[in-house]
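Residue strings, one per chain:
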Amino acid sequence: MSPNRTPSNPVDDGSRADAERRVVRGLDRASGDAVPDFEGARKHVLTELVRFVGRLRREGATVAADGTLEAARALSVVGLADREPAADALRATLLTGADDGAVFDEEFPTFWHRLRTGIDRIATHEGTPATDGDESETEPAADLESDAESEFLSDAEASTPDASEGTESVDVRISTGRRHATGETAVDAADGAARRYSAVGDREPVAADGASLSDSEGAAIDRFVAALATISGRRTRRAERGDRVDARRALRESLGTGGTAMELPTREPVPSELRCCLLIDVSGSVLDTIDRDTLLAVAERLQDTARRGSVFLFDTDLIDATREFERADGDPATALREAEIEWGGGTRIGGAFETLRRRHPHAVDRRTVVVVVSDGLDVGDPEALEDGVTWLARRADAVVWLNPLAVSPAYEPSSRGMATCLPYVDGLFGFAGPSDLAEAARQLERRGTDGPIGYEHDPRRIGAEPDGGDAG
Amino acid sequence: MTGETPRTPAETLSESVIRERFERQNYVADDRVVTTVQLALQLGRPLLVEGPPGSGKTELGKVLAEGFDTELIRLQCYEGLTAENALYEWNYTKQLLAVQSNEGTVAGGTGPESMDAIDDASGAASHSGSGAAAEGERPQSVFDDEFLLERPLLRALTAGGDRSPVLLIDEIDRADEAFEAFLLELLSDYQVSIPELGTVSAENPPIVVLTSNRTRGLSDALKRRCLYLHVDPPSFETEYEIVSRKVPELDGAIAAEVCAVVERLREESFLKRPGVAETLDWARAVASLRADGEAESLSTDEIERTIGCLLKEVEDVTRVDTELLERLQAAAAAADDRIEPTD
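So the sequences go chain by chain: A and B. Residue numbering for the first sequence follows full-length UniProt numbering, beginning at 1 and increasing consecutively. Residue numbering for the second sequence follows full-length UniProt numbering, beginning at 1 and increasing consecutively.
The shape of chain A in the complex, shown without the other chains:
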């Protein structure tokens, strides 16, 4: 027995001696006649075991408080020479339910690889008291406590010797996918913030129209556009606070407290650059109902903020008005007015969608949020409309429909066009003025496009008469 073993070690003498003997068996197999460093090997095994248990717990498996001790004893019984008995031993001692088996299977290969490479490394450093890797690693007992904090550190440092070890083992994942994800979102968030500048650069505000809006109205529009930016990503990330409860995580953590959720972890959408396609119905019934200043301001804000924003005006036909809205010398107000005068009359939404598909197929992709401003009064072929809207819904990330009629508390989407489109629309909101946009933004922020959103969840509708946005 080695004289320099630490008395604080959790495994009792008998099984420790046993463990050493088994380790030696593994070592002998690995390196022939080397004089192995028992103490270092034992320490390595225990460190890896503690790390493995920590990882199981983090991934949601229920491991009893003294499961690690039992697992260490079990390993000393079955030895480390073969993989399957070791896996079975750990499974029997660490797991307490059939549901945790998947997590175990996921994590075990990493553990086993680290264990074996570490032992092999020790075996090849014949007679060295302790290898570099072991010295830099924390004590097992301490590791148990500080495992979460040291996760990144220890992983980073440990991966170097692992990588230098060569290529003997194939089924290895050095780090977990989760860490990749964490890193990725961090980068993305920074990117997203950096990219949320207009590609257009400086330009004049749209005539005097924008100026007629008050600050609070401007803020409402900004908020709506920002909310659209959050829905263009379906990914979410862990948040410190917020009101989107991470039910999965809460449930998993509540297992540790006997089913009582002590705190509610939350998630937030990962903001990403906004790509937006604004489809504006320029029929008189729409333009007369909504606040045109607001509409133009929305278009402007979208152009400003979005990484790519396109604006189409449609009625019985569809034209690309992006350039009018985008160019510094463009005059969107006039464009809007002219479009209305030029066309007027009924609306063929289905035909407009079809034109969009044929002539501007790149305006909408899977990361694009489509905002349709229309009252849904369609005079075209219902089948064409359904074809068009299904294409749009399938192609786009989300379809938000702003309907000027839906501000009325009595509104029901019973018109033929709207009834056809409704199943494919992620959110149908009323839109007459900035306050309606603020409400839509509130719902989008709170519930996302998957949640129950829409005009029918507008508290103003449930309460009294709509309180604003009756500009005509």
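Among the clues, some could well be false.
[To be verified] Some chain B residues flagged as far from chain A (calculated, every beta-carbon gap over 12 Å):
{"#": "1", "residue": "A40"}
{"#": "2", "residue": "R155"}
{"#": "3", "residue": "C226"}
{"#": "4", "residue": "E241"}
{"#": "5", "residue": "E249"}
{"#": "6", "residue": "D337"}
[To be verified] To be clear about the criterion: a stretch of chain B counts as covered by chain A if any three or more of its residues have a C-beta under 8 Å from a C-beta of chain A, and this derived list gives those stretches:
{"#": "7", "region": "228-236"}
{"#": "8", "region": "310-322"}
Bear in mind the hints are in silico, worked out from the structure with no lab data behind them. None of these values were measured; they are calculated from a predicted model. Ideal placement from N, C-alpha and C gives every residue a C-beta, glycine not left out.
Assemble the complex: chain A is given as a structure, and chain B must be docked to it using the hints.
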């Protein structure tokens, strides 16, 4: 170290010995079961076996007892099972008779909870009680081993002999949570406390096997004291081996077909999927219906007539239609090829 030493068999067992004993009992176990059982024996830990009904959990306990040639003490759990049923009970009739015939004393006479009685018992009768000595000659206390009815748990602790008994606590999930808590002391220290007698601890700690059907979750406290083993439905090959060992009268090819059909049936979403026990039942049924040893393939008609061996819910049985029967037969027909290499 052959494993035949009379002392506790647990410490001397290698994996191959366990495997050989399972083998001798015709218990087909995969590596995971063998390793886990070996750990349970060597570490002296209770073994918690979970799995669907009919997957051989109880059988594991029986096989352990048989294989190690030791006593099997079985405690079937049920709702409402109390410590009295499971651990010990005083033989009231005998106590009453003893007191009446002036052979025994309750030493204060208020019942088992009397503090005097405890003193009397634990004080090894050196002082014969404060008021009890009024009986004249010193009578024996009725709270003594003689008046104790041992129930399974206590018997497992006090069992004499050279070998540890196997204590099979069956379907622990059916017992109340209170009973589960009561088991904790027993499982961790192999001892129980009887107020009147003191603490009884085991000389030869029993080999404890707990089984659970997962009808409810067990407490973490219980689980952490046990080694955990989840028994999955066997693979085709394993099941074939089980059937051919347990039902030797059935022709090998037919046994393969039986296993293939059951394997196919498990893919359906039945309320109760057939376990190994059902497979064996069915194999025996098929064997007995083919008295003359005919070796034809299973027909749909034959499957339909005997499906009651496999499916035990009326909803499941009514779901078996012609289409499914044909698919089952197709699976059976394909089974012959699957065992070809092993034959």
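Structure-based check of all given hints:
1. A40: violated (8 Å)
2. R155: holds (27 Å)
3. C226: About 8 Å separates C226 of chain B from the closest Cβ of chain A, which leaves it inside 12 Å; violated.
4. E241: holds (19 Å)
5. E249: With a cut-off of 12 Å, E249 of chain B remains clear of chain A, as the shortest Cβ separation is near 34 Å.
6. D337: holds (29 Å)
7. 228-236: With 3 residues closer than 8 Å to chain A, the region 228-236 of chain B meets the three-residue bar; holds.
8. 310-322: violated (count 0)
The structure does not agree with the numbered hints 1, 3 and 8 stated previously, though it agrees with the rest.
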